[in-house]
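Chains as they are written, first to last, in the numbering used here: chain A, 1 to 248; chain B, 1001 to 1248; chain C, 2001 to 2248; chain D, 3001 to 3248.
None of these hints come from the bench; they were simulated from the model. All values derive from a computational prediction rather than experimental measurement. Careful, some of the hints might be misleading.
[As the list claims (entries may be wrong)] Chain D regions said to be covered by chain C (calculated; three or more residues, Cβ under 8 Å):
id, stretch
1, 3147 to 3159
2, 3179 to 3190
3, 3208 to 3214
4, 3228 to 3238
[Stated by the list, open to error] Calculated lysine to aspartate or glutamate pairs in the EDC-like style (CA-CA distance at most 20 Å, straight line):
id, chain 1, residue 1, chain 2, residue 2
5, B, K1236, C, E2233
6, B, K1025, B, E1045
7, D, K3235, C, E2239
8, C, K2014, C, D2004
9, D, K3124, D, D3020
10, B, K1235, C, D2020
11, D, K3025, A, E239
12, C, K2025, D, D3028
13, C, K2206, B, D1197
14, A, K236, B, E1239
15, D, K3014, D, D3004
16, B, K1124, B, D1197
17, C, K2236, D, E3233
18, C, K2124, C, E2233
19, D, K3011, D, D3028
20, C, K2236, B, E1233
21, B, K1235, A, D144
22, D, K3236, A, D18
23, C, K2235, D, E3233
24, B, K1236, C, E2145
Where is the CB? At the ideal position from N, CA and C, for every residue including glycine.
Protein chains: 4
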Amino acid sequence: MNRDSWNRIRKCFKTLLDDDTFIGKAFDIFIQVLIFLSMVSFSIETLPHLPGWANTALHYFEWFVVTVFTIEYMMRIAVGGLSYIFSWWGMIDLLAILPTLIGAEVDLRSVRILRVLRFIRALKLTRYIKAMHRLNVAFGLIRDELVMYLLITILVLYLSSVGIYYFEHDAQPQHFASVLHAFWWSVVTLTTVGYGDVYPVTPGGKFFTFIVLMLGLGIISVPTGLITSALQEAKKLIEQEQESQQEK
Amino acid sequence: MNRDSWNRIRKCFKTLLDDDTFIGKAFDIFIQVLIFLSMVSFSIETLPHLPGWANTALHYFEWFVVTVFTIEYMMRIAVGGLSYIFSWWGMIDLLAILPTLIGAEVDLRSVRILRVLRFIRALKLTRYIKAMHRLNVAFGLIRDELVMYLLITILVLYLSSVGIYYFEHDAQPQHFASVLHAFWWSVVTLTTVGYGDVYPVTPGGKFFTFIVLMLGLGIISVPTGLITSALQEAKKLIEQEQESQQEK
Amino acid sequence: MNRDSWNRIRKCFKTLLDDDTFIGKAFDIFIQVLIFLSMVSFSIETLPHLPGWANTALHYFEWFVVTVFTIEYMMRIAVGGLSYIFSWWGMIDLLAILPTLIGAEVDLRSVRILRVLRFIRALKLTRYIKAMHRLNVAFGLIRDELVMYLLITILVLYLSSVGIYYFEHDAQPQHFASVLHAFWWSVVTLTTVGYGDVYPVTPGGKFFTFIVLMLGLGIISVPTGLITSALQEAKKLIEQEQESQQEK
Amino acid sequence: MNRDSWNRIRKCFKTLLDDDTFIGKAFDIFIQVLIFLSMVSFSIETLPHLPGWANTALHYFEWFVVTVFTIEYMMRIAVGGLSYIFSWWGMIDLLAILPTLIGAEVDLRSVRILRVLRFIRALKLTRYIKAMHRLNVAFGLIRDELVMYLLITILVLYLSSVGIYYFEHDAQPQHFASVLHAFWWSVVTLTTVGYGDVYPVTPGGKFFTFIVLMLGLGIISVPTGLITSALQEAKKLIEQEQESQQEK
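Model the full structure from these sequences, guided by the hints.
As structure tokens, this is what we get:
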């Protein structure tokens, strides 16, 4: 293969991977559908009592998907050069095919963990998520505040755990065995999930829960407020940016 | 019937269906009450162990409603012409009477599905929902972002499912039988519904739930923020529109 | 009693009921504490297995409260004239004392409903809730939208009920016996309360719940957005009002 | 020790406690990690069936932590003078070491409550929570409204309790034994936690819950709106402040 035909092939790959051309868009949608079907197929594979023919079909489909993804990966390296291998998307692309490729060689025992790792494939989808510019700008504006807020949330969860442990440990030693067990209750309660596997039964514990929840509503409100405020600001920033670009 | 009397009848229908006149408004309210009563009557009909006289009464009421709706449908065709049949509201109006009309002719077995389809009648109500201009403008502003956000949510739900499946499958093979079963857990948990039919029991699964929920609160906050921001923008756009109309 | 001394008494009452003077403020706090204690006392009264002395104490306290409230009511009539009786606050004041006054005369059977009606007393507290000007302005701005939104919510709840009834009726005839029973499930699920008394068990029902909840999160977001937007607007309106008053 | 060497030591302490220098920042992180590890260690300590060596290790670690905190406390007094003892942070610092110090002297029975009090140590972390300026400004703007809103919430919870008590007391006397028991239901329901330990079973009670929840969604929305609105205003105020400082 001489350099000239190689260049022609690279150009052909570029057209396929470029999402501005018609054929590029079609290829994008093909890959997206494949990722989605692969996610569904992986979910079905875990179903118990699958008939033999279904397992065979899923097996063949898996290899079809991995073959396509491997070809796509190689095409992207051909276009982007070796530096693509060490880029973010290069890593994701590699990790999307590796579990199945390795799984074919190794013994059956460690296959399950490799199977689970195939979920990484779903992250390939994020490449196609657009319209997120505003979300990124917004999160950039409040990153520090959100991290700080996460710390406050964990602090509140910890203090709630200690409190409920104190109130409920004697009444329900199996559910509130330790502060760590009580932490699970705090998470489930303050996020208002409330499975019902653990809940206070003593009057003191119930009153404490009431107090914690009155604060909890406030806690849940703050990140919502931060994000809403940041999204509006991001909107303004993006509009100013666009205006200044148009003026040029 | 000559053309003149036909025109007079059409004019009469127009007055009845026009919601600006007094008689038109009264007719609107009559239809709305009928839709509402029909929804209630359909709900009551499904109650088990209904006495015979109640069934008879509901049956007669159903036919009364369908008769009125059929007359309304024909009046609207008379006013709007044949093109009304293929319009959005024409379809809804037809589907609102069809299940009962067909149900009278066919055998009993397939009647149940037809009965359920009568719920379409409730959509007739949306014709009367006004003051939604702002909501429509707001949703129009963020349609792309909401769709993209729905995809992100489904991605998060999928990754949560794979994670919890990995942690809980061995401990609770009946509840976390597959990734699809685990997806149900993800939906119930990340929306903070938390029925309590499935929940993690292993320390690893509980810690994973904690991580997932910390992100989940953030996820729930973003669409709220988008909608709030869009509602304020929609307000401004509508006010600007009204001002520019007044200036003319 | 001549007119002069009557006027002096009225003036004295006015001072007591006026919340700008020191003695008026003290009287306000006294009434507020009494309302709160009366709420607590009513709650305690419903506790089963109360010892005799506690019942006696609560009985005497109840009559003390009613006596004070009756005197307050008469003072307010003396100051505000007969028109006070037919005002909003006059009604509340009367209803706060009536159940106990009537309960003393009638036989024991109907006493329970009268006892429950004593909760109306809690509404007396709303007289003292200030700083609500902004909330009132905000709700005034979006009253129509909120009402319209309530209708949409009920429509969504109804359609969810019909859907889940269709999917789950055969599998769980005891929980989803009718559309009315299914409506309870819709309410508990779409508000994300999720008691866990009813939940779907069929794959179809679970998938339907997933769809309903994706929309449900959006539904919960809209009134939050409307209220946030209205509160900011109310803030602006109030500031403009204050500025225009200062300019005068 | 003469005054000169004392001053040199104080200066050295100042450098260590100052969070602008490199060594001060390192010391800060060291203390933060210690607080975090101490919180984890306290949680582990409450686990049942801990092996003997783990208890011994935790015991030694506890004394290491308390020693470091005591030295830090004394350094802060040396730098800040005796007035530090009566400052907010001085109190927290003292309460963080006191339980363990006293626990070493007293008999075993009262040790448990002292152990629980060690959670106060977590509050030492709040010293390091920065980026909260905006949150503080925002909460300062709506403090009155939030307090008033808390009162409204409690009023709504009380009225819900009385209502559900009336509807459910006869059907479930064990769960809705009194208005106080019903209050627990109100808290769990209106915060949308919904453990599932108590829920209405009568048609009347379920309908009442529906009404209460329709209002409940509104109630949950208002503080979110207040906080969002306040956060945006706080942003503006802080920016104005910074601009006026730059102009000087």
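Here is how each hint holds up against the structure:
1. 3147 to 3159: holds (count 6)
2. 3179 to 3190: holds (count 4)
3. 3208 to 3214: holds (count 4)
4. 3228 to 3238: holds (count 4)
5. B:K1236 with C:E2233: Holds, at about 11 Å.
6. B:K1025 with B:E1045: violated, 30 Å
7. D:K3235 with C:E2239: holds, 18 Å
8. C:K2014 with C:D2004: Measuring from Cα to Cα gives roughly 15 Å; hence the hint holds.
9. D:K3124 with D:D3020: Holds: K3124 of chain D and D3020 of chain D sit about 19 Å apart, inside 20 Å.
10. B:K1235 with C:D2020: Violated. K1235 of chain B to D2020 of chain C sits at ~40 Å, over the 20 Å cutoff.
11. D:K3025 with A:E239: violated, 39 Å
12. C:K2025 with D:D3028: Between K2025 of chain C and D3028 of chain D the Cα gap is close to 49 Å, so the pair fails against 20 Å, i.e. violated.
13. C:K2206 with B:D1197: Status holds; Cα separation ~12 Å.
14. A:K236 with B:E1239: holds, 19 Å
15. D:K3014 with D:D3004: Within the cut-off at roughly 15 Å; holds.
16. B:K1124 with B:D1197: violated, 36 Å
17. C:K2236 with D:E3233: With Cα atoms ~11 Å apart, K2236 of chain C and E3233 of chain D stay inside 20 Å; holds.
18. C:K2124 with C:E2233: Violated, because 30 Å separates the two Cα atoms, which is more than 20 Å.
19. D:K3011 with D:D3028: Roughly 17 Å separates the two Cα atoms, so the pair holds.
20. C:K2236 with B:E1233: holds, 16 Å
21. B:K1235 with A:D144: violated, 31 Å
22. D:K3236 with A:D18: violated, 43 Å
23. C:K2235 with D:E3233: Distance of about 10 Å is within 20 Å: holds.
24. B:K1236 with C:E2145: With a Cα-Cα distance of about 16 Å, the restraint between K1236 of chain B and E2145 of chain C holds, given a limit of 20 Å.
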